[in-house]
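Colleague: Sequence:
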Amino acid sequence: NNEDQLFSAPPPGSGALLGFILKILDGYNFNKYSLDGIKNTVLTYHRIIESFKYAYAKRTELGDLNFVNITDLLSNLTSTKYTDSIRMGIDDNSTSSNPKHYGAVYYSNEDHGTAHFSIIAPNGDAVSVTSSINIYFGAGMTSKQTGI
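In this note's numbering, the protein residues as written are 453 to 600.
Derived from the structure by calculation, the hints contain no laboratory data.
Keep in mind that the hints are not guaranteed to be accurate.
[Stated by the list, open to error] Beta-carbon label-pair distances, calculated as ranges:
1) 515 with 486: 33 to 39 Å
2) 568 with 483: 26 to 32 Å
3) 599 with 543: 37 to 43 Å
4) 527 with 596: 25 to 31 Å
5) 597 with 530: 28 to 34 Å
6) 515 with 483: 35 to 41 Å
7) 596 with 540: 46 to 52 Å
Don't be surprised by glycine CBs; every beta carbon is placed ideally from N, CA and C.
Whenever a hint applies, use it, and build me the whole structure from the sequences.
Modeller: Below, the structure written as structure tokens:
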């Protein structure tokens, strides 16, 4: 929505893709009832997963700005018209295992790369997590003090 700000890494990092996912999901107007009951819960998670799949397909077009022109891609990822069209193309009753269905230019093997999230609550509380040692939240180490 217009009240929130997203700060993320520039290309070739996937910050633009996170913004794209959030922009797609924003159009669903999720609320407290979106996870009320099995039917709503399944539909909500399906829409989230499909949004991730469309974004991950666009990842195949990302590259270093010094070597790849991604101006049109970034323009699309931030375009309300484009994200609306993607959202309208999400079928609530089916999915696909074919990356080309989601617009992948080429198939990229699963790389188990790094992901990082930092979240700051309105009251100032903050938490961050980095998953980087190839799979499932890194080495699995947590703080003895916080458990995080």
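Colleague: State for each hint whether it applies.
Modeller: Here's how the hints hold up against the structure:
Our hint of 33 to 39 Å for residue 515 and residue 486 holds, since their Cβ atoms are close to 35 Å apart. Between residue 568 and residue 483 the Cβ separation comes to about 28 Å, which falls inside the hinted range of 26 to 32 Å. Between residue 599 and residue 543 the C-beta distance comes to about 40 Å, which sits within the given range of 37 to 43 Å. About 47 Å separates the C-beta atoms of residue 527 and residue 596, a value inconsistent with the hinted range of 25 to 31 Å.
Residue 597 and residue 530 have their C-beta atoms about 40 Å apart, which leaves the hinted 28 to 34 Å range violated. Range check, residue 515 to residue 483: Cβ separation about 37 Å, and the 35 to 41 Å hint holds. One distance hint, 46 to 52 Å for the beta-carbon pair residue 596 and residue 540, holds here, with the actual separation near 48 Å.
This entry does not satisfy hints 4, 5, going by the numbered hints stated previously.
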